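Participant: The residues making up each chain are set out below.
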Amino acid sequence: MGTQEIVAKCQAIFEDLNFTHAREWKKAAPNRKVIGFMPVYVPLELIHAANALPLGIMGGGDQMEVIHGDAYYQSYICRIPRSTIELGVTGRLDFVDMMLFPFVCDVIRNLSGIWKMMFPNVVSRFFDTPQNFEEKIGGTYYEHELLELKEAIEQTTGNKITDDALRNSIKLYNENRKLIWGLYDARAKEPWKFPTWELYVIMRAGIMMPVEEHNQLLKDYAAAAHQEDRPKRDNSRIVLNGSFCEQPPLNLIKSIEMAGCYVVDDDYVLVNRFLTSDVPVEGDPLKNLSLTYIKHSVETACKYVPKEEDKGQYLVERIKKCGAEGVIFAAPSFCDPALLDRPMLSHRVTEHNIPSISFKYAENSGQMQPIREQAGTFADSIKLWN
Amino acid sequence: MSADKNVIKEESMIIQKEMISRNYDAITSKMETGRKMASTFVPGNLNELVRCFDMLNNLPEINAIQAGMRKLTGGYIMEAEKGGHSEDVCTYVKADIGQLGKGNIAPNGKPYPDPDVLLLSYTGCYTFMKWFELLREQYKCPTVMIHVPYQGDGNWTMNMRDYIVKQLKDEVIPTFEKISGVKFDIDRLREMMALSAKAEDDLVWVIETAKHKPSPIDAYFGAVYYVGPIFSAFRGTQEAVDYYKVLKKEIQYRIDNKMGPITPEGEMKEQKYRIVVEGPPNWTNFREFWKMFYDEGAVVVASSYSKVGGTYDMGFRHDPKNPLESLAEYCLGCYTNRNLPTRVEILEKYINDYEADGLLTNSIKSCNSFSAGQLMMMREVEKRTGKPGAFIETDLVDPRYFSAANVKNRLESYFQMIEQKRRGVKSAA
Ligand code: SF4
Ligand code: SF4
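Protein chains in written order, with our numbering: chain F, 26 to 411; chain B, 3 to 431.
Simulated from the structure, these hints should not be mistaken for lab results.
Do not take every clue at face value.
Subject to a maximum C-alpha distance of 30 angstroms in a straight line, what follows is the list of computed DSBU-like cross-link-like pairs (lysine-lysine) [what the hints assert, rightly or not]:
| # | chain 1 | residue 1 | chain 2 | residue 2 |
| --- | --- | --- | --- | --- |
| 1 | F | Lys-385 | B | Lys-389 |
| 2 | F | Lys-161 | B | Lys-271 |
| 3 | B | Lys-389 | B | Lys-271 |
| 4 | F | Lys-332 | B | Lys-323 |
| 5 | F | Lys-332 | B | Lys-389 |
| 6 | F | Lys-332 | B | Lys-104 |
| 7 | F | Lys-312 | B | Lys-260 |
| 8 | F | Lys-332 | B | Lys-271 |
Here the structure is a predicted model, which means the values were calculated and not measured.
Model the full assembly from the supplied sequences, consistent with the hints where possible.
Facilitator: Okay, here's the thing in structure tokens:
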């Protein structure tokens, strides 16, 4: 398969708001279940080990008209909860057996309760990840939380999660992360060969299909993209930050690229690379999942940074590692985590003489012209000053 | 009679005013006295623990409220936005940060000193976490965090409680010992917690007097004063216990004489509507807002906002026998740390227990913790109680988002709706 074919397949999966691919997967065998999850992070390994499909639900995007959802959320709340409600109310998630609402912010947290009231027949759980990163405190707490989640998943799916099954899932997700980080590294090196919008659809589709299938697809895409003869442009290299929850419309990503920016790192679809190292396969799998989260996970606005001097350093290091020349802070409108974090991150990058700009979007933003202009001017100014 | 009433009215208010100004004086003179100060939040505050280390307690939300009531926050917010803060986020944060940029002057005219420690009790609201990260950047002082898990399933588990207790034992207490130079004394903590429980009993008594008809209190506009000592720097002190004793006496007097609450313009005479309110009030136009209620004869008989610093009327009391566990349970039980179905149950119970005519939601533009989901909550409460709901939108301390004409219109039509509903019920009967 060439890149075009792979990307087209992924685009079709991620744009399909009836989730046909996931529905078909479920239908293909009797004891298969589907567990939906919201951004940003849930331990996908646990879901997989119960013979269930973790289905990433990242809002309704720009293809869906929100009619009912607007009756649930005031205009000054981001769009993802209302389009997710719309997905629920219109029956598009009727095949989902369980919903997980991980810790991100107050909106998602409150949405978990709305889901309980609106869909009493679906098991829905708020999933809290620790903000204390001491092994004996946050680690122990998290291990217990994982155990409770494991039991809840077992109960919903009717499938026991054995340690061996979990170890096998850990292996598969280690491979998934390795392939993804590999692709991210390859893009940082040769961004003209790995357009960000392509990576984005591959990641979006990846959280809607079994990990085995995604792993194969990642390998195929990497091989095909390396073969492609794509011209290298005189673009500026930028890192994109702030889009970890409500995702931008595809056109927005394309617009940034078309404006002369090579995105060499981003925080889209963070769940599939939230952990920055392998989860050990040997030993107690829940403990391993817990400790890897505690010790080796990305810095993002929904995680507390215990030390002031460390705040934003992760971003600075990523910028340096990717050889980026600037940062675009792109946050969904009304997004507390991204918007409250932004001044601190922007101070930190300024301390390192890294230029930045910021703008807001919504998953259904239609007007790309202002964004293209802003990104274009930014790209030009980087070229001028470098 | 009316002379009596004024004397009674003034006693608790004068006491509270003195308490608050004494506290501000203590805070602003900490350099001279050498006392150490912790900044912390109202929900999930650990006042007893802070006091165990002879430390002062400063609360940025309260400072934002104080500045809001003095109409200063509009300028502070603009200042913060000029400094790169988004127009979309919590206005308490911007008021606090903007105030810093403008000299950080306390209500007594003296500058707030820098805190020695930021005690980040992360309960009920995500913004807290970022707020203290932002302040930490400014003050470069130690920050100790207690992560309080959310009651996503409507209850807390032992794992959650143990997690908080461990954070208290291994992180908060050692940090406070180091900063204050005072050794932790659990018996001292127990004594304070016993005082807390006493004051909490009396506060609940006060809040529940709204079950009387006429209600002797307003459980929203009036209650924000009543909760002042417990929610701020005084829980765990004899002063707070004494304050509530005086307050109780005053309210008992009103009950005995079938009197209504005291408003800024005197006693409220006629009570036509009994309302439950969800959501915080607006502070920049507080009096104007309140007046819209009493002018129409609407008294608030219960509110969720008066529970942000502790849901004591749901039965929780600080327990001197299990001090650290009890502090953990207190943090877990704050109103916005409870999931939406529980919040709906609480509001439904209020409507029934206080024989209210309906639920009014004041949705705060910049507070996702309260606001996200309130439309659904209102409809659910309407469905369960058969009582009409209404929705208004204002902001905490950003005067740009208080439209008096809009709010007034909405309220008037809401009260008419209640009236019609009553007539409908009567004619049907
Ligand atoms: S977009 Fe931001 S505010 Fe909205 S749910 Fe996601 S993290 Fe929360
Ligand atoms: S978001 Fe709401 S609960 Fe949180 S600090 Fe602001 S006003 Fe308070």
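Participant: Are the hints correct? Go through all of them and say.
Facilitator: Here is how each hint holds up against the structure:
1. The hinted pair formed by F:Lys-385 and B:Lys-389 fails the criterion: a straight-line CA distance of about 40 angstroms is larger than 30 angstroms.
2. For the hint linking F:Lys-161 to B:Lys-271, the alpha-carbon distance of about 59 angstroms lies beyond 30 angstroms, and the restraint is violated.
3. The straight-line distance between the Cα atoms of B:Lys-389 and B:Lys-271 is roughly 24 angstroms, inside the 30 angstroms bound, and the hint therefore holds.
4. A threshold of 30 angstroms between alpha carbons decides the hint, and for F:Lys-332 with B:Lys-323 the separation of about 34 angstroms lies outside it, so the pair is violated.
5. Between F:Lys-332 and B:Lys-389 the CA atoms are separated by roughly 50 angstroms; this puts the pair beyond 30 angstroms, and the hint is violated.
6. A hinted pair counts as satisfied when its Cα atoms are at most 30 angstroms apart, and F:Lys-332 with B:Lys-104 qualifies at roughly 27 angstroms.
7. As the CA atoms of F:Lys-312 and B:Lys-260 are separated by approximately 63 angstroms, the hinted pair breaks the 30 angstroms bound.
8. Proposed proximity of F:Lys-332 and B:Lys-271 is contradicted: the alpha carbons are some 56 angstroms apart, above 30 angstroms.
In the structure shown, a violation is registered for the earlier hints numbered 1, 2, 4, 5, 7 and 8, in ascending order.
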